[in-house]
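There are 2 protein chains.
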Amino acid sequence: MGRVVVDVMPKPEILDPQGKAVAGALPRLGFDGFVSVRQGKRFELEVDGDVTPEILAQAREAAVTLLSNPVIEDVVAVTDASGEGQ
Amino acid sequence: MGRVVVDVMPKPEILDPQGKAVAGALPRLGFDGFVSVRQGKRFELEVDGDVTPEILAQAREAAVTLLSNPVIEDVVAVTDASGEGQ
Numbered sequence: 001m002g003r004v005v006v007d008v009m010p011k012p013e014i015l016d017p018q019g020k021a022v023a024g025a026l027p028r029l030g031f032d033g034f035v036s037v038r039q040g041k042r043f044e045l046e047v048d049g050d051v052t053p054e055i056l057a058q059a060r061e062a063a064v065t066l067l068s069n070p071v072i073e074d075v076v077a078v079t080d081a082s083g084e085g086q
Numbered sequence: 001m002g003r004v005v006v007d008v009m010p011k012p013e014i015l016d017p018q019g020k021a022v023a024g025a026l027p028r029l030g031f032d033g034f035v036s037v038r039q040g041k042r043f044e045l046e047v048d049g050d051v052t053p054e055i056l057a058q059a060r061e062a063a064v065t066l067l068s069n070p071v072i073e074d075v076v077a078v079t080d081a082s083g084e085g086q
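Going line by line, the protein sequences match chains A and B. In terms of the working numbering, the first sequence opens at residue 1 and continues consecutively. In terms of the working numbering, the second sequence opens at residue 1 and continues consecutively.
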């Protein structure tokens with residue numbers, strides 16, 4: 001079973017209220033080492049077989065058309081994660 | 001500016017309606033190479049300075065206490081992503 005991981009983050013100029021809320025909560029819980037937080041999405045797409053270049057191209061196309069909203073989000077990575085455990 | 005990335009995914013035994021919806025939409029849009037999809041979260045924690053072992057330990061602690069719900073989610077990775085662009 002292959003796996004493609006797609007990472008999507010809000011664009012830098014877009015407000016990110018979830019990230020802001022986390023950034024505000026961290027110091028209250030004693031985690032004072034962080035200056036800002038952004039929250040995005042991670043998709044794990046399972047493939048029946050190996051991750052071929054065609055599958056990876058499909059994943060890249062799906063990332064920008066279905067998995068992200070290009071007005072407010074950037075696809076930051078589309079990676080073959082077949083080797084990773086879990 | 002350093003950056004720590006925390007990846008959180010729903011546990012395998014937990015239903016993931018968002019992932020299911022994406023998995024159903026992919027073939028309708030012509031992406032037929034994928035058998036299942038899971039949707040999780042990606043956090044980017046910005047650090048003022050370098051990512052030290054202490055910062056990474058803080059991030060790991062924050063990942064399991066604040067960034068994820070351990071009843072339904074797994075922290076799949078806490079990584080120093082300072083070298084990555086953007």
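Treat the hints as calculated values from the structure; they're not laboratory data. Any given hint could turn out to be false.
As the list claims (entries may be wrong) - With a cut-off of at most 30 Å between alpha-carbon atoms, the simulated BS3-like pairs for lysine-lysine come out as follows:
1. A:Lys20 <-> B:Lys41
2. B:Lys11 <-> B:Lys41
3. A:Lys11 <-> B:Lys20
ask   = What hints, given by number in increasing order, does this structure fail?
value = The structure conflicts with no hint, since it agrees with every one listed earlier.
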